[in-house]
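Quick note on numbering: our numbering labels position 133 of the sequence shown as 518, and the sequence is numbered without any gaps.
Hints are not guaranteed to be accurate.
Here are the in silico distance ranges between beta carbons for each label pair [said to hold, decoys possible]:
| # | residue 1 | residue 2 | range |
| --- | --- | --- | --- |
| 1 | 545 | 438 | 23 to 29 Å |
| 2 | 386 | 508 | 33 to 39 Å |
| 3 | 489 | 401 | 17 to 23 Å |
| 4 | 460 | 435 | 30 to 36 Å |
| 5 | 445 | 399 | 16 to 22 Å |
| 6 | 438 | 401 | 37 to 43 Å |
Please keep in mind that the hints were generated in silico from the structure rather than gathered at the bench.
We put the CB at the ideal spot given by N, CA and C, even for glycine.
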Amino acid sequence: MELALIADTHLPRGSRRLPGRCLELIRTADLLVHAGDISTAETLAELRAIGPPVCAIHGNVDSAELRRELPEELLLELEGVRLAVVHDAGPAAGRAERLRLRFPDADAVLFGHTHLPQHERLGDFQIFNPGSPTERRRAPHRCMGTATIEDGGVEFGHWQLD
């Protein structure tokens, strides 16, 4: 199973759009997972129209409508892998340990909020932030993530989009 992973799209904003390579990776995925800060219900509808099913949570800047529609966190069971999704994973110090305690049944946690791509392992547990495909802030590049789920395991990767 192939996942496209994004967060912090903050759309619409001016002429900003998802980069072409991001759209390609989403179209070829089996599932799109968004870790919050979509912004509007219209943007969520546009994401759903790209192709694969969408699983999403709300973030801190999402509209009231999205906050009503989307959960604050998810625990997805995907081909034997338990993937938790949360927007704000708190301070960088101790993040992996804190998320392991918060989601004891998860194999991995996808999070957003910082706009900084991150992948960290803590034994057999992983945390992953795909970064933002539209607003890099302090990150060196706009980026997104992908995940391959196979044989009960998950492998994450980052993709630079600029």
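- [ ] Could you tell me which of the numbered hints above are not met by this structure, giving the numbers in increasing order?
- [x] 2, 3, 4, 6
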